[in-house]
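Could you build the full structure based on these sequences and the hints that come with them?
Residue numbers (our numbering), protein chains in the order written: chain A, 1 to 611; chain B, 612 to 773.
Be a bit skeptical, because a hint or two may be false.
When the alpha-carbon atoms are kept at most 30 Å apart in a straight line, the in silico DSSO-like pairs for lysine-lysine are as follows [unchecked claim]: (1) B:Lys686 to A:Lys186; (2) B:Lys657 to A:Lys351; (3) B:Lys657 to A:Lys402; (4) B:Lys632 to A:Lys317; (5) B:Lys686 to A:Lys487; (6) B:Lys686 to A:Lys402; (7) A:Lys402 to B:Lys632; (8) A:Lys186 to B:Lys633; (9) A:Lys487 to B:Lys684; (10) B:Lys761 to A:Lys487; (11) A:Lys402 to B:Lys761; (12) B:Lys657 to A:Lys452; (13) B:Lys633 to A:Lys188; (14) A:Lys381 to B:Lys633; (15) B:Lys692 to A:Lys351; (16) A:Lys381 to B:Lys632; (17) B:Lys692 to A:Lys188; (18) B:Lys657 to A:Lys494; (19) A:Lys317 to B:Lys633; (20) A:Lys441 to B:Lys692; (21) B:Lys761 to A:Lys317.
Quick list of simulated restraints, FRET-style, between CB atoms [what the hints assert, rightly or not]: (22) A:Asp87 to B:Asp746: 56 to 64 Å; (23) B:Lys632 to A:Glu295: 44 to 52 Å; (24) B:Arg673 to A:Arg484: 28 to 36 Å; (25) B:Gln641 to A:Glu189: 14 to 22 Å; (26) B:Asn762 to A:Glu356: 48 to 56 Å.
Because the hints were derived from the structure by calculation, they are not lab data.
Predicted model, so just to flag it, every value in this text is computed and none were measured.
Backbone N, C-alpha and C define an ideal beta-carbon position, used for all residues, glycine too.
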Amino acid sequence: MSFQIDFGGEKSPIVGIDLGTTNSLVAVMELTGPRILSGIVPSVVSVKESGEVIVGAEAREMLLTHPERTVYSVKRLMGRGVDDIQDELKLFPFQIAEGSESTIKLKLGEKTFTPPEVSAHILRKLKLDAEAELGVQISQAVITVPAYFNDAQRQATKDAGRIAGLEVLRLVNEPTAAALAYGLDKRKEGIVAVYDFGGGTFDISILRLHDGIFEVLATNGDTHLGGDDIDNLLLKIALEDIQSEWGIDVSKKSDAVQLLRRAVIDAKEKLSFVPSAAIDLAYGGKTYQREITRELFDKLATPVIDQTLGPCRDCIKDAGVAVDQIDEVVMVGGSTRIPLVRSAVEVLFRKRPHTELNPDEVVALGAAVQAGILSGDVEDKLLLDVTPLSLGIETMGGLISKLIHRNSTIPASATEQFTTAVDGQRNVLIHVVQGERELVKDCRSLARFDLKDIAPMPAGFARIEVRFLIDANGILSVTARDTRSGKEQSVEIKPSYGLTDDQVEAMILESFDKAQEDFNERQVREARVEADTILAATDKARQNDAYFDLTDQERSAIERGVNELLVVYHGDDHLLIRSKIDQLNEATQTLAENMMNTAVRGALKGTNVNG
Amino acid sequence: MLYYEAFGLEPALSLDPDDLKKRFYERSRQWHPDRFSRASAVEQEKALEMTSTLNDAFRTLRDPIARAEYFLKEKGIELSKEAPPELLEEVFELNMALEELRDGDESTRPQLIEARNRFIAMRDSIDQTLAATTDLDQVRALLNRRRYIKNLIRDVENVLPN
Numbered sequence: 001m002s003f004q005i006d007f008g009g010e011k012s013p014i015v016g017i018d019l020g021t022t023n024s025l026v027a028v029m030e031l032t033g034p035r036i037l038s039g040i041v042p043s044v045v046s047v048k049e050s051g052e053v054i055v056g057a058e059a060r061e062m063l064l065t066h067p068e069r070t071v072y073s074v075k076r077l078m079g080r081g082v083d084d085i086q087d088e089l090k091l092f093p094f095q096i097a098e099g100s101e102s103t104i105k106l107k108l109g110e111k112t113f114t115p116p117e118v119s120a121h122i123l124r125k126l127k128l129d130a131e132a133e134l135g136v137q138i139s140q141a142v143i144t145v146p147a148y149f150n151d152a153q154r155q156a157t158k159d160a161g162r163i164a165g166l167e168v169l170r171l172v173n174e175p176t177a178a179a180l181a182y183g184l185d186k187r188k189e190g191i192v193a194v195y196d197f198g199g200g201t202f203d204i205s206i207l208r209l210h211d212g213i214f215e216v217l218a219t220n221g222d223t224h225l226g227g228d229d230i231d232n233l234l235l236k237i238a239l240e241d242i243q244s245e246w247g248i249d250v251s252k253k254s255d256a257v258q259l260l261r262r263a264v265i266d267a268k269e270k271l272s273f274v275p276s277a278a279i280d281l282a283y284g285g286k287t288y289q290r291e292i293t294r295e296l297f298d299k300l301a302t303p304v305i306d307q308t309l310g311p312c313r314d315c316i317k318d319a320g321v322a323v324d325q326i327d328e329v330v331m332v333g334g335s336t337r338i339p340l341v342r343s344a345v346e347v348l349f350r351k352r353p354h355t356e357l358n359p360d361e362v363v364a365l366g367a368a369v370q371a372g373i374l375s376g377d378v379e380d381k382l383l384l385d386v387t388p389l390s391l392g393i394e395t396m397g398g399l400i401s402k403l404i405h406r407n408s409t410i411p412a413s414a415t416e417q418f419t420t421a422v423d424g425q426r427n428v429l430i431h432v433v434q435g436e437r438e439l440v441k442d443c444r445s446l447a448r449f450d451l452k453d454i455a456p457m458p459a460g461f462a463r464i465e466v467r468f469l470i471d472a473n474g475i476l477s478v479t480a481r482d483t484r485s486g487k488e489q490s491v492e493i494k495p496s497y498g499l500t501d502d503q504v505e506a507m508i509l510e511s512f513d514k515a516q517e518d519f520n521e522r523q524v525r526e527a528r529v530e531a532d533t534i535l536a537a538t539d540k541a542r543q544n545d546a547y548f549d550l551t552d553q554e555r556s557a558i559e560r561g562v563n564e565l566l567v568v569y570h571g572d573d574h575l576l577i578r579s580k581i582d583q584l585n586e587a588t589q590t591l592a593e594n595m596m597n598t599a600v601r602g603a604l605k606g607t608n609v610n611g
Numbered sequence: 612m613l614y615y616e617a618f619g620l621e622p623a624l625s626l627d628p629d630d631l632k633k634r635f636y637e638r639s640r641q642w643h644p645d646r647f648s649r650a651s652a653v654e655q656e657k658a659l660e661m662t663s664t665l666n667d668a669f670r671t672l673r674d675p676i677a678r679a680e681y682f683l684k685e686k687g688i689e690l691s692k693e694a695p696p697e698l699l700e701e702v703f704e705l706n707m708a709l710e711e712l713r714d715g716d717e718s719t720r721p722q723l724i725e726a727r728n729r730f731i732a733m734r735d736s737i738d739q740t741l742a743a744t745t746d747l748d749q750v751r752a753l754l755n756r757r758r759y760i761k762n763l764i765r766d767v768e769n770v771l772p773n
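Rendered as structure tokens:
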């Protein structure tokens, strides 16, 4: 039995969730430290023909049989617009539904889903797994995001949590979470770099440790760079091979591509431990095999790995530290198992990186530690994180005026004065962008804020003070005040990407019904499993001599019990099923006792014979 | 002055960086929103307000230049946007050289590298003088000059890669 923390009566634990590109995990903080609950859940979602949504390992199998009803690596789409994902569409079999101009919608069989809804299905599965293991309802979570995620990507992740019925108490950056999990604070003072190379994202963060405070000095990364990219390079070679060997182009056959992708990943993973591995494919009565040596693999992977080194150098520079001041380097994410990644990091940082903890689990463990900080169970640690990207507003001529610079500790704020340009002007539109470039067109549009209902007055007279605030989750909010009247100025937000609040609300309502349904379904399924067990046992007992020793009355009570249970078995009332199980249990009590006695007698007799 | 208040400090041009850092960590531990995740909405709002101000203040006060600019602004002293007269001739020549390099005349490159290094040396020397200056008029003049030189360095570096 696991030892549960007393969260003070009615309070249920806050779970920590790593919502990864390839795999997701849930963990919880216990007295002995953070612990992973249940297992790794592949971040794959599939919709069966019946309309049932399945998640995880089962859905990953559907990738092979029903690729058109299945989606993976959806994290790559979070908080993005259809224009930004053109490169992704060439490499990933995302099926974009019509009407995706403002918000991406994915087609899975007959249904369409936004990326936050797909992620919500993964989160709901993790929530149910955690509830099953802990035996309590879970309603609050810490979810991790890549440190380099922008505002829209963070907001989309938070939306996913809400749709899944989770109150997201904090979004925590993955590398920072990993630093928490590593227990690096045993070292009272020091500088630590966390290199986090996952399936689809890359992050580098440099932290200063000070007496339990984890202060992020700088972060950098690429939210579209990961092991997936190496897979795609291998896949391309294999597809070309097959084209020349078989004379057919299988790249349009999505089931073949998925089989091949699986074979490529197998080979890639093996190559971390052996000098050579084969890509094997059997498809349509044909077979393909290609031996990949570590040497060839390294040659292919080098450009991808090199792309991580630039952000590392920039991050060291931004942190204002010299390489030899960095005391420790921590490796996170499945792609850091690749020997070439480890040696590249070792060369850059001039020290051997830490690889003691499972790179797939360390982020979820750290999320659980952060959950412990929020619940008050962990008192000696505190994370001070930064915003990865500068925040600015559009000024004249498409230029940007930066208000909050990247690597500012969050929460962070900036205040700016606005006025009107024409007599009687009633509103002012503020365009907020995120990024490091000088021109609006090179940055990421976040949202347009409309200051509405300004009292009519001559041009330049209005005095509106706008406050931009980035909270501890790295998410922006904007408030405005009319400094002449001191009144709150109304602001209408038009997010450039992602869902409006109303859309999220609608999805929550829908999923709330779903959650109830899920819950019921699970109860019914569990009751049926129990019914199966007792029905099978009763059936077997009826062959036993002891059954015939029963009175007619006792036998008919058992018959009735079986029949009544069978009648309710296919209904959807789990309470009724359970009451009939109890009834049958009672009716078979004498039979069970008699059988036990006979068995004991038999066993004793056996002893006598042998003795 | 709000930023000094956030640290419980009296407004002053110079301060002890180690003491500032210590106060920053203490106050972060006390007020960070992580400490209030199960508190009431009002308390959460207050924690957010306190820490965002603390962080903004720390960013400004730990940097001697940003601190001096903040201090002057709060005192109602504005920086001028005009070029310091003693630099005018140099700036004129610099702009010509920049123009020529942009037009592809490589011969001005050594001159620009030399100018950049000289400006960087000027900036560093201003920073040193500033650290020892308490007279507000002098601080203002130094900051004006520094801001102007900083822009010159930026302009040269935009044209000279590395």
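A quick look at each hint next to the structure:
no.: 1; hint: B:Lys686 to A:Lys186; in the structure: violated (45 Å)
no.: 2; hint: B:Lys657 to A:Lys351; in the structure: violated (43 Å)
no.: 3; hint: B:Lys657 to A:Lys402; in the structure: holds (26 Å)
no.: 4; hint: B:Lys632 to A:Lys317; in the structure: holds (21 Å)
no.: 5; hint: B:Lys686 to A:Lys487; in the structure: holds (27 Å)
no.: 6; hint: B:Lys686 to A:Lys402; in the structure: holds (24 Å)
no.: 7; hint: A:Lys402 to B:Lys632; in the structure: holds (26 Å)
no.: 8; hint: A:Lys186 to B:Lys633; in the structure: holds (20 Å)
no.: 9; hint: A:Lys487 to B:Lys684; in the structure: holds (25 Å)
no.: 10; hint: B:Lys761 to A:Lys487; in the structure: violated (39 Å)
no.: 11; hint: A:Lys402 to B:Lys761; in the structure: holds (17 Å)
no.: 12; hint: B:Lys657 to A:Lys452; in the structure: holds (27 Å)
no.: 13; hint: B:Lys633 to A:Lys188; in the structure: holds (15 Å)
no.: 14; hint: A:Lys381 to B:Lys633; in the structure: holds (16 Å)
no.: 15; hint: B:Lys692 to A:Lys351; in the structure: violated (48 Å)
no.: 16; hint: A:Lys381 to B:Lys632; in the structure: holds (17 Å)
no.: 17; hint: B:Lys692 to A:Lys188; in the structure: violated (46 Å)
no.: 18; hint: B:Lys657 to A:Lys494; in the structure: holds (27 Å)
no.: 19; hint: A:Lys317 to B:Lys633; in the structure: holds (24 Å)
no.: 20; hint: A:Lys441 to B:Lys692; in the structure: holds (29 Å)
no.: 21; hint: B:Lys761 to A:Lys317; in the structure: holds (19 Å)
no.: 22; hint: A:Asp87 to B:Asp746: 56 to 64 Å; in the structure: holds (58 Å)
no.: 23; hint: B:Lys632 to A:Glu295: 44 to 52 Å; in the structure: holds (49 Å)
no.: 24; hint: B:Arg673 to A:Arg484: 28 to 36 Å; in the structure: holds (35 Å)
no.: 25; hint: B:Gln641 to A:Glu189: 14 to 22 Å; in the structure: holds (21 Å)
no.: 26; hint: B:Asn762 to A:Glu356: 48 to 56 Å; in the structure: holds (49 Å)
Checked against the numbered hints given earlier, this structure breaks hints 1, 2, 10, 15, 17; the rest are met.
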